[in-house]
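Enquirer: In case you want the letters, here they are:
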Amino acid sequence: MASYLFKRLLTLLPLLLGITFLTFLIMQLAPGKPTDLITDLNAKMSLEAKQKLTKLYGLDRPWPIQYWEWLKRLSKFDFGKSFKDDRPVIHKILERLPATLLLNFLSLSLIFTLAILIGMTAAAKKGALFDKLTTLFVYLGFSIPTFWLALLLMILFGLKIGLLPISGLRSLNFEELNFLQKAWDMLQHLLLPVSVMALTGLAALARYTRSSMLEVLHQDYIRTARAKGLKEREVIFKHAFKNALIPIITLLGLMLPELIGGSFIFETIFAYPGMGRLGFEAIMSRDYPVLMGIGTMVAFLTLLGNLLADMLYALADPRIRYK
Amino acid sequence: MLKLYIKRFIQNKFALWGISFIFILSSLALFSPFIVPYAPLEQNLLERLQSPSILHLLGTDDLGRDLFSRLIYGSRISLTVGFVAVSIATLFGTFIGLVSGYFGKWIDSTLMRIVDILLCFPTFFLILMVIAFLEPNILNVMIVIGFTSWTGLARLVRGETLSFKEREFILAAKSLGLSTPKILFFHLLPNVSAPILVSATLGVGNAILIESSLSFLGLGVQPPIPSWGNRKRLYSLCMVAFFISRALHFIYSSCV
Chain A
1 MASYLFKRLL
11 TLLPLLLGIT
21 FLTFLIMQLA
31 PGKPTDLITD
41 LNAKMSLEAK
51 QKLTKLYGLD
61 RPWPIQYWEW
71 LKRLSKFDFG
81 KSFKDDRPVI
91 HKILERLPAT
101 LLLNFLSLSL
111 IFTLAILIGM
121 TAAAKKGALF
131 DKLTTLFVYL
141 GFSIPTFWLA
151 LLLMILFGLK
161 IGLLPISGLR
171 SLNFEELNFL
181 QKAWDMLQHL
191 LLPVSVMALT
201 GLAALARYTR
211 SSMLEVLHQD
221 YIRTARAKGL
231 KEREVIFKHA
241 FKNALIPIIT
251 LLGLMLPELI
261 GGSFIFETIF
271 AYPGMGRLGF
281 EAIMSRDYPV
291 LMGIGTMVAF
301 LTLLGNLLAD
311 MLYALADPRI
321 RYK
Chain B
1 MLKLYIKRFI
11 QNKFALWGIS
21 FIFILSSLAL
31 FSPFIVPYAP
41 LEQNLLERLQ
51 SPSILHLLGT
61 DDLGRDLFSR
71 LIYGSRISLT
81 VGFVAVSIAT
91 LFGTFIGLVS
101 GYFGKWIDST
111 LMRIVDILLC
121 FPTFFLILMV
131 IAFLEPNILN
141 VMIVIGFTSW
151 TGLARLVRGE
161 TLSFKEREFI
171 LAAKSLGLST
181 PKILFFHLLP
191 NVSAPILVSA
201 TLGVGNAILI
211 ESSLSFLGLG
221 VQPPIPSWGN
231 RKRLYSLCMV
241 AFFISRALHF
251 IYSSCV
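So the sequences go chain by chain: A and B. Following this note's numbering, the numbering of the first sequence begins with 1 at its first residue and continues without gaps. Following this note's numbering, the numbering of the second sequence begins with 1 at its first residue and continues without gaps.
Which bits of chain B does chain A cover? Going by a derived footprint, with three or more residues having C-beta under 8 Å, they are: (1) 106-117; (2) 121-128; (3) 131-143; (4) 204-213.
Straight-line Cα separation of at most 30 Å, BS3-like style, residue types lysine-lysine; simulated pairs: (5) B:182 / B:3; (6) A:126 / B:13; (7) B:13 / A:132; (8) A:7 / B:105.
It should be emphasised that the hints constitute simulated quantities derived from the structure, not laboratory data. Using N, Cα and C, we set each Cβ at its ideal position, and we do this for glycine too.
In isolation and in its complexed conformation, chain A is listed as follows:
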C-alpha cells in the first residue's frame, strides 16, 4: 500500500506539470498583456514607464523562459506576487482556501449521504411511490440550470421571506458574537450555496447508486444472505451496500473537478469569499501570478481527490489490492 501510494504521488507530478504548462500557454498566447490595464487607461503613463513595468513583471522575456522561472520559484513554494496589490500569491490563496474547502467539503458530504440514502431506498423498494417520486426529482434536478435556481432561492429566502443572508460568509457584526452565535451565523450563510452546489451532483449520483444497487441485489450472494434468514435491513446495508459502493466512488472522483469548477460560478453568485471568486477576479484583471497559483492549487486538489477515491476503493472492497 505504502509503495503504491508513493508511485501514485510520483505520477501526480507530470500531470501537475502538464496542467500548469497548459494554463501558462493559454495566458501567453492570448492577445494583450496584463500591463495594458494599468498603462492604456492612464494617459500620463509614458512608453518608458510601460517598458519598465513589463520588465518588472518579467514579461519581456520569451514565454518558455518565463515558465521555467516560474517553475524554479514554485520548487521553493514561492508563487510570486500579485500584479494587482503586490501581495504574495500564497497568502492570497491561503486566506481564501479554507472557505472554499469548507463549501466543497460540506456539499460533497451532503451529496454523498443524500444520494446514497435516496438511491438505496429507491432500489430496495423498486417501483414503489418513493422510487417514482425520487426518479422524478432526479430528472428535475438534472435539468434545472443550477445558477438560475441559486438566483431564485436568493430571491425567495433572502428577499421575499428574509430568512437567510444572500451573500458572503459572515454578517457585519460577526466579531461581536460568541462562539455558538458565530457558528449559527456561518451556517446560515452556508445553507444556500451548499444546497445549490449539492444539487448539481446529487441527481446523477442518486441515479447511479440506484442502478448499481439494483445490479448488486440480483447477485447470488444476496439471495444466499436472504436464504440464511438475515434481516432485510442487514442484507441491504451490510451485504449489498459495500458492493454497490464501488462505481459510486469512481463517480465521486470524477465529479470533483466539476464541483471545484462550479465554485467559480457559485462563489461569484453568492459573493462568497473563496478561491473561486479570487480566481474569477484574477481572470478578469489578468493577474497572471494569482491565476497560475490558483490553477496549480485547483489541479492539486483535484488530483488529491482522485487519489483519495482510489484509496477508498480498497476500503470498500478488500479484494482490490494496490501494489
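Fit chain B to the supplied structure of chain A, relying on the hints for placement.
Expert: Okay, now just chain B, sitting in the frame of chain A:
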C-alpha cells in the same frame, strides 16, 4: 438497408414523437422572423416591464422589448451554440478515441495522458480563462466549449475501439487489404456509434447550459443579441423553457 431503417423508425412511436418535437423546435428557430410578432431588438419604452397580455404573449422587458419574440430568436443562438459545440466535441473526441484505441502503443499513451490532464482540469476554469482573454463572442464560445468537452467521449470511444479491434471482422477487413482509414471509419466507427450518439444528445443541453452560465457572468453572447443566457427578465423565462424541455428530454428518454 436504409429502407429497413426507416420502416423500423416509423414503427417506433417514441421515435416519431421525438422527431416531431425536434422538427417543431428547429422550425421555430429557423423561421423565427416569420413567426414572431415583433423584432427582437425593437424597443418600445412606453410599454416596458409589462405582464403577459394578448399583445405581448410573455410580457416585455425593461426596455420594452417583446419577450416572446426574444425567446424565439434566442433559441436560434442557443441551438447554434449547442449543436456547433457538440459537433466539434463529437468529431474531435471520436477521432482521438478511434486513433488512440486502434494504433495503441506510444500514440495511445501520449493521447491518453493529454486526456488525463484535461480531465482533472476543472473545465469551467479553462473556459472562463480562454473566453475572458479572447473576445467573448458566439464563435469563441462555441469553439471553446467544443474543445473542452471532448475528453470523456474520447475515453469511451477508445475503450470500445480496444475491444472491437480484436474481433474477427476487423481481421477480415485487414486481410482483404483495406486501407487503415477505411477500416477505421467504415468498419470500426459504425460499431462504436452508440456511446457517441448518447454523449452527443446529452452534450447539446450541457453546451447550452455552459453558454448560459458564461452569459450570466457577462462573458457569453453579448447583449443586445438575445441568447437564452442573457440576464434580466428574458433570462428567467429562458431558463424555464430550458428546464421544461430538458426535463421532458430526460423523462422521455427514460420511457423509450
